[in-house]
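This is what each chain is made of:
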Amino acid sequence: KAGVTQTPRYLIKTRGQQVTLSCSPISGHRSVSWYQQTPGQGLQFLFEYFSETQRNKGNFPGRFSGRQFSNSRSEMNVSTLELGDSALYLCASSLAGNYQETQYFGPGTRLLVL
Amino acid sequence: AQSVTQLDSQVPVFEEAPVELRCNYSSSVSVYLFWYVQYPNQGLQLLLKYLSGSTLVKGINGFEAEFNKSQTSFHLRKPSVHISDTAEYFCAVSPIRAAGNKLTFGGGTRVLVKP
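Just so you know, the protein sequences line up as chains A and B, in that order.
Taking my numbering, I'd label the letters of the first sequence as residues 50 to 163.
Taking my numbering, I'd label the letters of the second sequence as residues 815 to 929.
Check each hint, because a few of them may be wrong.
[To be verified] Straight-line alpha carbon distances no greater than 27 Å define the calculated BS3-like cross-link-like pairs of lysine-lysine that follow:
hint, chain 1, residue 1, chain 2, residue 2
1, A, K106, B, K916
2, B, K883, B, K872
3, A, K106, B, K928
4, B, K883, B, K928
5, B, K883, B, K863
6, B, K928, B, K872
[What the hints assert, rightly or not] Okay, the calculated bits of chain A under chain B, using three or more residues with CB under 8 Å as the criterion:
hint, stretch
7, 89–96
8, 99–105
9, 145–152
These are computed hints drawn from the structure, not numbers from a lab.
For each residue, glycine too, the CB sits at the ideal point set by N, CA and C.
Produce the entire structure from the sequences given, and follow the hints as far as they go.
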């Protein structure tokens, strides 16, 4: 069974631009979560989608948004990029998004904002 | 709200020596506990998790962890490390009975195994 895939793997943008990242979960998984990883702040939860609905949200500004499609694939969008948005963005999938389930992480998308 | 503290940011250790990575958490509700490993340029992989039952949990690659409720700790151990264990390790918690997935991570411990 294929793992979680994320595209693109690397991305360079300039301040003020917007970016869209994609995540394809493991087949059959309906929950997709997004995390931001930076050296300063560590791993921080962005949001979780289940059955095309946002179920949980972290403490990030409204510039960060996401969506989930009927096939469970998810995208996250960051508008008006800032230098501080440079990070590794990880997505994780699980079957039903229950709190005790194992989340399977993708390799991440490394975003550099110049 | 939950918070997780990993007391050591870096742990150098010689090959075949034991290693212990410390994790303490704070939470107003009961939590499930997890340890993840991140190898260079890769995503996170689950090592083990504590949901209930025996407080000693065995995971993959020879790792084990012990849940101590009174000390709110979940320390990770391996009796003999290999060069391939060089990676960053993250402790995480998830509130019991909360809807959906929302892991709170510690700051990570970077393990460097020396020959």
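Against which earlier hints does the structure fall short, listed by number upward?
The structure breaks hints 3, 4; every other hint is satisfied.
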